[in-house]
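Residue numbers (numbering that gives the first Met the number 0), protein chains in the order written: chain A, 0 to 422; chain B, 0 to 207.
Just so you know, these hints were derived from the structure itself, not from any lab.
Here are the simulated EDC-like cross-link-like pairs (lysine to aspartate or glutamate), alpha carbons at most 20 Å apart as the crow flies: (1) B:30 x A:384; (2) A:284 x A:402; (3) A:284 x A:304; (4) A:352 x A:373; (5) A:292 x A:302; (6) A:350 x B:86; (7) B:189 x B:168; (8) A:352 x B:86; (9) B:64 x A:389; (10) A:352 x A:419; (11) A:330 x A:70; (12) A:92 x A:185; (13) B:51 x A:419; (14) B:30 x B:49; (15) A:350 x A:384; (16) A:420 x A:384; (17) A:181 x A:214; (18) A:350 x B:54; (19) B:64 x A:384; (20) B:30 x B:42; (21) A:330 x A:237; (22) A:352 x B:54; (23) A:352 x A:384; (24) A:420 x B:49; (25) B:64 x B:103; (26) A:350 x A:336; (27) B:64 x A:408; (28) B:64 x A:402; (29) A:420 x B:54; (30) A:92 x A:419; (31) B:64 x A:405; (32) A:420 x B:42; (33) A:135 x A:408; (34) B:64 x B:82; (35) B:64 x B:81; (36) A:350 x A:214; (37) B:30 x A:419; (38) B:51 x A:384; (39) B:51 x B:13; (40) A:284 x A:302.
Treat the numbers as computed from the prediction; the structure is a model and nothing was measured.
Here's the letter readout for the chains.
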Amino acid sequence: MTVRLTEVATLSANWAEAMNAGIKNRLKSLIWVNYGRPAARHGGRCWRYHVNTCRMIVESNSVRFDGISLDSGATIAPVDVAYETYGQLNAAKSNAVLVLHAFSGDAHAAGISPETGKPGWWDNMIGPGKAFDTNKYFVICSNVLGGCRGTTGPASVNPATGCPYAMSFPVITIGDMVRLQKMLIDWFGIRRLLTVSGGSMGGMQALEWAVAFPDSVVSAIPIASTSRHSAQQIAFNEVGRQAIMADPDWNGGNYYGGPLPGRGLSVARMVGHITYMSDDSMREKFGRRLQGKDNFSFGFDVDFEVEGYLRYRGSQFVGRFDANSYLYITKSMDYFDLTTGRGTLAAALEKTKARFLLISFSSDWLYPSYQSQEMVRALRSRNCDVAYVELQSNYGHDSFLVDVAEQTDLVRGFLASTFEKVQ
Amino acid sequence: MTASTPKKQGFVRELLGRSDYTIIGEIVEPKTRVLDLGCGEGELLQWLAENKGVDARGVEISGAKVQRAIARGVSVFQSDIDEGLADYPDQAFDYVILSQTLQETRHPRQVLREMLRVGRRGIVAFPNFGHWRMRLSMLLSGRAPRTSLFPYEWYESPNIHLLTVHDFEELARVEGWTVERRYFLAGPRKVTVQPNLMAEVAVFLVRR
Chain A
0 MTVRLTEVAT LSANWAEAMN AGIKNRLKSL IWVNYGRPAA RHGGRCWRYH
50 VNTCRMIVES NSVRFDGISL DSGATIAPVD VAYETYGQLN AAKSNAVLVL
100 HAFSGDAHAA GISPETGKPG WWDNMIGPGK AFDTNKYFVI CSNVLGGCRG
150 TTGPASVNPA TGCPYAMSFP VITIGDMVRL QKMLIDWFGI RRLLTVSGGS
200 MGGMQALEWA VAFPDSVVSA IPIASTSRHS AQQIAFNEVG RQAIMADPDW
250 NGGNYYGGPL PGRGLSVARM VGHITYMSDD SMREKFGRRL QGKDNFSFGF
300 DVDFEVEGYL RYRGSQFVGR FDANSYLYIT KSMDYFDLTT GRGTLAAALE
350 KTKARFLLIS FSSDWLYPSY QSQEMVRALR SRNCDVAYVE LQSNYGHDSF
400 LVDVAEQTDL VRGFLASTFE KVQ
Chain B
0 MTASTPKKQG FVRELLGRSD YTIIGEIVEP KTRVLDLGCG EGELLQWLAE
50 NKGVDARGVE ISGAKVQRAI ARGVSVFQSD IDEGLADYPD QAFDYVILSQ
100 TLQETRHPRQ VLREMLRVGR RGIVAFPNFG HWRMRLSMLL SGRAPRTSLF
150 PYEWYESPNI HLLTVHDFEE LARVEGWTVE RRYFLAGPRK VTVQPNLMAE
200 VAVFLVRR
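Isolated chain B (complex conformation) (with noise of 0.2 Å):
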């Protein structure tokens, strides 16, 4: 696996599969303590262990997902993170993850809040729905859109929350939670201008 420098400025090379990893990949500090909500088989865990030396553990409601986890290596187990993180206490954890999972939870506001209590910070990445292509494909379709970000039909998607990068800046204003860094992504490339119609998955680092 390479190292998670960007190939040039505005541009970040892809870390597993995915820029939003790289993003992540560069906040998380070496030695820390992470928890990641919905990790899926552990590869971004996996990865942050070897590279960061971080003490990585995870959350993730399918089974088959979790016993890849584990078999690599990654202390992984078995809930529904909508079901709560009430055993673990207070600021266990210097960063919790949320890669990808807030959209498809039942309680997004309570998932924040209580990755917020039990992570000193919160890394959360979801795809925007804001973007142009997303509202380009309801207005002229007239139907539920249906993107590369959101490849679904409406009756079989896991996505049941859709937010965009301003209704996330909002919650955080409400909740009080301060905002300490923000990221935009276009594919590998970084987006600087109108975020909220440009950006396809936004990366944001907060705290309560």
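In isolation and in its complexed conformation, chain A is listed as follows (with noise of 0.2 Å):
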């Protein structure tokens, strides 16, 4: 996700040079990054720094709980979290917002991680005077359960074992993500959340959030999202899937320690990524345009720029996504849907108390607007407070990472007015 950040404004014949080149400048600006003192330590990983440039504090930390029971009846003990807080929590515990990552995405949500040199995936909405204004508000975002960023997922080892869970991982829900980030959550001691946001599978957690702990939830933004998988995402996460189950390398999903199915998990990314884009944004950015050459190669090398690109973010993402949690996780999407066990959409909302605000996106054919406009009309049916828009943009599913200006006056707007409503 981090990497699709860059990606817009690095577009040249050679990608992995311009990644570089990315890589580089970011690194230069983390000469300016004072380390100060370690915070306490929870459990796992643990550091904080200073960005003066932006002067925002981004902690990452990991928290142990004992264990969750997940909704398919297994459970997982104990059970890893990774985070990242951006802002101060203030005395009333109040201002607290929980962002919610994508599919890929990971707690790393803004600031410059040490690590890679890297910007978080939503920080162009992160930061002072940012749509989620850390100059006023405590942002947390955490790795979801399943994933392979620092909570406990498929890739995990598993104390009864000492090997990695790989496919003896329980399979996982979206609400059984939720409840990990309600542990997280009553961890920090906050009793209600002012905002639960996200894009796309952040956005099916944010409603799962207003549904399942309605006490909790001040205001719901769910963007680019739906209440529930439709048979065209389905069928495109199967694609993903069956690429790597089919990698020989996969075996069976006990590859860790030995060659890894990047074939599989790079062509089920080339898949995603196109699901990301749209016709405008790929023609407008590709076009029919050779990469490197004059002439077609008569072979089956590259010779468009869309063929190298897509080779590229394939090849990229094997280095930072475990296949096993690309499995599990689109799986949890696929199982999604909010009326399961609760009958309609609008019972499913009798008891949110939330405010909403719901955005998707013209072009995003992927996460169609007509999903988001039927949980409007749920939530109407409600009475509920819920304001909608439609934003034009032209980067198809993408467009709620990369988009954001408008995007940033509608949820300054929503917020600053919501926290007014708890003041």
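Could you fit the two chains together into a complex? Lean on the hints.
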């Protein structure tokens, strides 16, 4: 996800070079980083630093809980959660905002990571003076259950066996992810979140929060999201999963310590990237331009820029994402249906007291506007306080990450008026 | 923003540059639930929320206006009121406001019926097509009238269902609605005689 932010700015024939240059620039800005006193250790890796350029304190921590019971009936014990926070929690603990990442995101939502030198996946939305203004709000983001960036997932070691869980990891749901986040919020001593917000899978979690913990959520901002996965969304996820499982290196999920199922995972990612863009944005970005050549190769090497781009994105992904996490997290999205066990959508919303702001994007064909509108209609029928707008954008599903100017005004105004109501 | 009390008898002080807003601001009781249909950028709703503590919601068809309304903290969603308010439960609001929007709808009677279903009371403000200037303009020019109230050429006017004060009263009678209060304005001045001829804008408070 972080990479996707950069990609819009750095389109050139040679992706690798462009990316390296980007990382070097980011590292330059780290010259301004002062390393502060390490924060109290809660379990896993733990560090704190100040970025002078934006005056934002970025913490990355992890906390260990005894265990979590899952919707499937299974239990994971113990369970670690990796999280970052930005800004300061006020004395009344009334300014906490939980930001929820999308499928391939992680806890690093804002600021610069000293590990990778990369900005957070929603760095353009979170920070001093930004939509989620860290001068006013305390922003928390954690890696989801089943993830591979610090929170317990299939790549984590099962204490019972001393080996990675791999496919013995239980199947998880969006509801399970949210219950783990609730444990984290309780651990912070926060009774009510000013808002829960995220795009795509993050939006599903925001909806689940509002429905599962109606007393803990003042408002919710699901962006480019849905109350249930459609056949088309499930279909694309299934193509990704099959690509991974068809790779011989996947080896039934037992590839840890050996060669990674890189071919399968990168094909899965390539398909994903196509669904995140739009016909317009691809035509604009690539057209039929050839990569580093004037004529066709009359072979199956990269001819077109779009091929080079997808291959680069695919191979980049292998280095930062676990193939088994891909399987588990996409499955949790496919299972997501707010009405499960709750009857209709309107019935599901019976107890929620939250204010809602929903945003969809005109060119998003993966999570089309009708899915947000379905949600809005159900909220209206419950007479819930709901604001909704479809923004005009060419970037397809990626819009929620890259097209932030209008989102910023909307989120800022909505949050400010919500904050006023709870003061 | 200033209070909406009349300056002196017979005149109203404009609220947000609109005299019909002043009347609406007077009608709406504090701490009530208000839905504004065709709320534009949400100025009136924001004023009502800040000055009367109402629970303010809005519907607006223009995406750009919805954005500005949300940015100012008002809960507005993008929708076409002609396509109905079917999702709302009965009597969900104390007031449903239709301010200078009725004449732009495709199915005005349906919109009015729906607003009186979801709201206990409706506040309808519309430009009076029976105003003498309109009549004179048409009589003298023989063309579709253009005045300061109806400034558009016929081929680009958003006003597709033009009505007079008498037209509205008649519809209310036929539909069995009770008109609780009626206000007539010409600029900032309240009109008391011959409203169908003298009023530029009419504001009705109706219930089913």
